[in-house]
Every structure is written in C-alpha cells, then in structure tokens.
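Chains as they are written, first to last, in UniProt numbering: chain A, 1 to 86; chain B, 1 to 151.
These aren't lab readings, by the way, just hints derived from the structure by calculation.
Glycine included, each C-beta is placed from N, C-alpha and C at the ideal position.
Among the hints, erroneous ones may be present.
Now the stretches of chain B that chain A is said to cover, found in silico as 3 or more residues with beta-carbon under 8 Å [claimed, not checked]: (1) 3-12; (2) 43-53; (3) 61-70; (4) 128-137.
So the derived label-pair ranges between C-beta atoms look like this [as the list claims (entries may be wrong)]: (5) B:VAL87 to A:ALA33: 34 to 40 Å; (6) B:ASP129 to A:ASP29: 47 to 53 Å; (7) A:GLY72 to B:ASP149: 25 to 31 Å; (8) A:ASP52 to B:GLY17: 43 to 49 Å; (9) B:ARG151 to A:GLY17: 41 to 47 Å.
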Amino acid sequence: MSDLRLLYFAWVRERIGVDDEEVPAPDPDMTIAALLDLLGERSAGHASAFGDRTRLRAALDQQFVPLDTPIGTAKELAIFPPVTGG
Amino acid sequence: MAARISVRVETEDFDPGDELAVLEALPGGAVASFTGLVRDEGGLKALHLDHYPGMTQRQIEEIVRQAAARWPLLGVTVIHRHGTLPVGARIVFVGTASSHRVAALEACAFLIDWLKVSAPFWKQAIRQDGGREWVEAIGADDARASAWDMR
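Turn these sequences into a full structure, and let the hints guide you.
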C-alpha cells in the first residue's frame, strides 16, 4: 500500500510547521474530514490548523473537493485556507 | 481558429505593453486587459504570494479553457506572479483578444473573477513594522465569480 502525500499551504503550513508529510494510505472510504480528525492528534500544531473546518479547503490529486469527499486511491492531498490570489 | 493561449506562473515582473502587443498582433481588432497591483494600504510594505506548484498552472489553464469555450477569443494571456512583491508591484495580468469588444471585455472580467476564487494562491501581508498576516478570503469575490454561472 503506497503512502498518501499531504501538502500544506499558507497558515495551515505555518501552524503545522512542515510543508508536507507522508502518511500510510487510509481506507479508501475515509473522508478528508475524518482523516483530519486523526491528524489533529499528531501535534498541537495539527490540532490548531485543523480545528476550524469552515476555514479549510482541500484538493485531492490537485482537484478542489469538499472536505466530506472520500480519499479513495488519491496520492496527494493538499489542505489550505480559502485561496486569495488575483 | 483555436485561440492563442499563454499562461505563465512566475516570480519575474512582466511588461503589460509587450503582452498587449502580442495580443494586438492577432487579427481580431479588439483587445482588453486587466493588471492587478499590490495596493498601497496604510502600513503595508509588501505582499508575499504562496502557491501550489503543479496545480496552479493547470488550474489557470482550466479557467482559460472555460473562457475560450464561452466567448469567441483569438488570444488569452494570463500571468500570475508569486513570491514577495512590494507595494505598487504588478501581481497579475489578464489579456484577451477577440473580433468583438464585448467578448474581449467580458472574458477578461470572467477570467480575473475566477482567478481570484479558484487559482491556488495565498497572499500574506508584510507590514512596515515587520508584522505578517495572511489575507482573508472575501465572500463577495465568491459571489462575483458564481454570478457568471447565472448569466
């Protein structure tokens, strides 16, 4: 089973303290939100970053998806605040 | 005729005149553009733009494809900078060329509205006193972009 690569951006990255990390691939039925619940136990930084889900957005294999999306067989999951480009 | 599409995500500055000249060389007769710069807000020194390498270019190209499917465009240029940009610096350029002014103008507005809400960039304000804070997304921007779906 391959790993899932997690990428963090903006203040999510700052609170967690790393740009990216790898976790064992979760059950394909697990949603992003459920994975964030588990990751929140890793450190105080994770807990702080993932505390308020209304401020988080996600991309699975570089496609924007809602947090209740199952992770499936994705290789890359990015977690970040709402975008502010332009 | 397929539109001439150019999407660049880069740290370097660009010359809007040069970019417009490329679009003006197309045979359409109508070119519209938007240039976004770092606004001079009290106490602001610079903006730092973080982005999601890999996804950014593809995401912008997808927005451009949607514009090209919706309006009869001859050319589209989108440039979005990242890195640390001082007050007054250019951040983003959108240029559109068409045979019809309405298509050029509307596609340009559509592109910048959608870039703001769906290109994976994040702005951090760097203040003159050294303080830093991430810029919050504006709900009105989502509403502006979504409004294009209803037109």
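Going back to the hint list, which numbers does this structure go against?
-> 1, 3
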